[in-house]
Amino acid sequence: REPARELPVGAMLPRRIMHTVATAAARRPQQTAPARRGLSSTLAALQQSPTNVTTLPNGLRVASQTTTDETLTVGVWIDAGSRFETKDNNGTAHFLEHMAFKGTKRRSRIQLEKEIENMGGHLNAYTSREQTVYYAKCFKDDLRQGVDILADILQHSTLDQGSLDFERSVILREMEEVEKTVEEVIFDRLHLTAFHDSPLGYTILGPVENIQSITREHLREYISQNYTGDRMVVAAAGPVDHAELVRLASDLFGGLPMRSAASRPRQEARPEFCGAELLYKTDETDGLAHFAVGYEGVSWTHPDSLIFMTIQSIIGNYKRGEGLVPAELSSNRLTNNVVRTQTGGSIESFAAFNTCYKDTGIFGFYAQCDEAGVASCIDELLYGVSSLAHSVTDEEVERGKRALKSVLFGSLDSTTAIAEDIGRQLLVYGRRIPIAELLLRLDAIHAPEVRRVVRERLCDADIAVTALGPLSGLP
Numbered sequence: 500r501e502p503a504r505e506l507p508v509g510a511m512l513p514r515r516i517m518h519t520v521a522t523a524a525a526r527r528p529q530q531t532a533p534a535r536r537g538l539s540s541t542l543a544a545l546q547q548s549p550t551n552v553t554t555l556p557n558g559l560r561v562a563s564q565t566t567t568d569e570t571l572t573v574g575v576w577i578d579a580g581s582r583f584e585t586k587d588n589n590g591t592a593h594f595l596e597h598m599a600f601k602g603t604k605r606r607s608r609i610q611l612e613k614e615i616e617n618m619g620g621h622l623n624a625y626t627s628r629e630q631t632v633y634y635a636k637c638f639k640d641d642l643r644q645g646v647d648i649l650a651d652i653l654q655h656s657t658l659d660q661g662s663l664d665f666e667r668s669v670i671l672r673e674m675e676e677v678e679k680t681v682e683e684v685i686f687d688r689l690h691l692t693a694f695h696d697s698p699l700g701y702t703i704l705g706p707v708e709n710i711q712s713i714t715r716e717h718l719r720e721y722i723s724q725n726y727t728g729d730r731m732v733v734a735a736a737g738p739v740d741h742a743e744l745v746r747l748a749s750d751l752f753g754g755l756p757m758r759s760a761a762s763r764p765r766q767e768a769r770p771e772f773c774g775a776e777l778l779y780k781t782d783e784t785d786g787l788a789h790f791a792v793g794y795e796g797v798s799w800t801h802p803d804s805l806i807f808m809t810i811q812s813i814i815g816n817y818k819r820g821e822g823l824v825p826a827e828l829s830s831n832r833l834t835n836n837v838v839r840t841q842t843g844g845s846i847e848s849f850a851a852f853n854t855c856y857k858d859t860g861i862f863g864f865y866a867q868c869d870e871a872g873v874a875s876c877i878d879e880l881l882y883g884v885s886s887l888a889h890s891v892t893d894e895e896v897e898r899g900k901r902a903l904k905s906v907l908f909g910s911l912d913s914t915t916a917i918a919e920d921i922g923r924q925l926l927v928y929g930r931r932i933p934i935a936e937l938l939l940r941l942d943a944i945h946a947p948e949v950r951r952v953v954r955e956r957l958c959d960a961d962i963a964v965t966a967l968g969p970l971s972g973l974p
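In the working numbering, the protein residues as written are 500 to 974.
Source of the hints: derived by calculation from the structure; they are not laboratory data. Certain hints may be false.
Stated by the list, open to error - Dumping the calculated DSS-like pairs for lysine-lysine here, alpha-carbon to alpha-carbon at most 30 Å: (1) LYS818 with LYS780; (2) LYS613 with LYS601; (3) LYS639 with LYS604; (4) LYS586 with LYS857; (5) LYS904 with LYS780.
All chains, full assembly: derive it from the sequences and hints.
Next comes the structure, spelled out in structure tokens:
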């Protein structure tokens, strides 16, 4: 199961320390470091291999980026997830992901597992609210075999009753494990609170009663409605010949139908964000109060989406006992203030998050603290967000942008990460955004734009709150 998709913010303090020490030691002019950073970013943009994209007659898009690795990742990204379900079949997309590896008309489960093992490969899948992904990692000479396996499990799974009953119990155990993970529970309930009138508020696993009642017919109906050529992307990264990949995709996926009028998903109105709270007061957790506050965010394609990512980076994250510099001396203003203002309680951690969807998003922060610190912690975090509307500095914005660039570029360090980036971007943007364009758009963000977005979207805005634990101090 994929966690809510966020852009994590890395530690920013070491960069500041290194920059200060280097400047003091070498007495370089102030413009040297920014110039080098700009040169490094430009080189990264120039060195990016192009992403080749071909659309087949049935609407299936085939995309690849060549790298110099010895292994490659090839996968299928599908525009389908729990958001495309109803209350009656919620959980079907995730259930189907489990069933895909239980055998096909050509390969039994044992044969499939042995084939992957003999290849020295890796087969995996995950389901999110808007996407389902199946991918294989293998050696460069095994591209055809990898694509063939993916095509087989997606189009010819047997979905036999024995496997269905077995996976039913597996998913129920998985659900029990998820319920023990407080962060997972908090974010599921935050979506329920913020989007309770929309399928976007459904959980990915679905309710227990649905898991117990899902049948083969439910799975086949979901496949016929959602697994169509025009809602799929075959993406690969590694030592891949694009022409060969297109030929393989045409041979093995060319029979997939396009969406018909009958199979088109119902036209859902843009989800309405609800300002509400869902609180679970209990003393049975780890002694900490866990809470998340969500604001209405923006979609992937909204003009302010990168500004929201930058704001997330500016707010950053904190975990007690971690980091090279004590939090009281942090150059992150919010971290500094949250720790300094704790009187009679202590904060364990906080982190900003930003999750985008096709037509909306959710932005906010998640925190853990003891019961005595709940009131001051949430007040300081709320004030810290709203204060950016008038007090964010150019230095803070530049530091946030550098941290964001580090996350965006540093995450593309494997063929799996690159293939994931290609598949996701083609589904949400309809294209792969080049690094050069992304850099230009990030460099165009300055303090006035950040202040504007915070003022327009986060000040005096409705918020969704969900919390679990000892909450007597919650305002």
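ask   = Taking each numbered hint in turn, which are not upheld by the structure, reported in ascending numerical order?
value = 5
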